[in-house]
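From first to last, the protein sequence lines are chains U and V. Going letter by letter, the first sequence gives residues -17 to 98 in my numbering. Going letter by letter, the second sequence gives residues 418 to 576 in my numbering.
Just so you know, the hints here were simulated from the structure itself, not pulled from any lab data. Glycine included, C-beta positions come from ideal geometry on N, C-alpha and C. Treat the hints loosely; a few may be bogus.
Okay, derived cross-link-like pairs now, BS3-like style, lysine-lysine, Cα gap no bigger than 30 Å in a straight line [to be verified]: (1) V:K488 with U:K71; (2) V:K487 with V:K432; (3) U:K52 with V:K420; (4) U:K52 with V:K481; (5) V:K481 with U:K51; (6) U:K(-16) with V:K520; (7) U:K(-16) with V:K481; (8) V:K481 with U:K61; (9) U:K33 with V:K457; (10) V:K509 with V:K457; (11) U:K80 with V:K536; (12) V:K536 with U:K71; (13) U:K(-16) with V:K420; (14) U:K71 with V:K487; (15) V:K574 with U:K80.
To be clear about the criterion: a stretch of chain U counts as covered by chain V if any three or more of its residues have a C-beta under 8 Å from a C-beta of chain V, and this derived list gives those stretches [as the list claims (entries may be wrong)]: (16) 6 to 16; (17) 40 to 50; (18) 78 to 85.
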Amino acid sequence: MKEFRIDQETKGAIQVVRLTGSLDMYSFPRLETQLNTNLQQGHHAILLDCKDLDYIGSAGLGALIGFAKKAREKGGDIKLVNVPERIYKIIELLGFTKVLQVHNDEAAALASFTAH
Amino acid sequence: MDKPDNVELTASTSKLSIHTPGHGSYLNYIRTLVGDLARKVGFPEDDVAKVEMSVDEACSNVVKHAYAPKKAWLWQHRHPEIRLDMQVVDNKVIIEIHDHGQKFDFAAYRPDAIQDRLKDMQTNGYGISIMREFMDEVTYSSCDSTGNTLRLVKYLKKT
């Protein structure tokens, strides 16, 4: 059981946020706070690296949708990359991949922010 | 996995009983044990993930809504707690999640479909729809003497 952790690095105009552990109703406020801080600092483009994410619940998914809404109003977005297959299957089945863009490769995901 | 403090656990090859404080910090522990047992009794990994998420959504609702402060809990004098009983009977797993927080009019609750919520970019209210989507049966009962019980059932499908 990995401890929930958020790591961040800046790549050009994009903040790469790397998650470790479980994003559930207990841990999601920490991510929400971090994302809102990014927004206040003018970082509207977020790439969420989910490689070490064990679990995501609807509270975590809701936090991502909430951020996506606010970021898109400012011309940004939040996109997911390296989503473990087990998590991807669940969020695709529920339809969350229709509103949250998911990429397999970090370079392609970064490029997609500037592609349009 | 190490058992956290303040948790009572009884487990066998086909049964599980967990008693924890009604706090979000225990959710990871609960869903991990539930997933482990579902896996052991033969559920395919896709179904294990669905059972885990359904249990997590159910317990999250207990913590967030049933035990919300200033709500009329059934047993106001007791600390928030969650008791989860899981057993495998014939070809199905039955999971009962008990609390003594505020009761809920489950039968009358008909949330918008997940797809409609997503279309509106809604940030919450997905939990019960997810349980109904992923489990074969979802029922709820409330009784002043025994508390609130959410019952989740999933059938083991032959492959």
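Index of numbered hints that the structure contradicts, given in increasing order: Failing hints, ascending: 1, 2, 3, 6 and 14.
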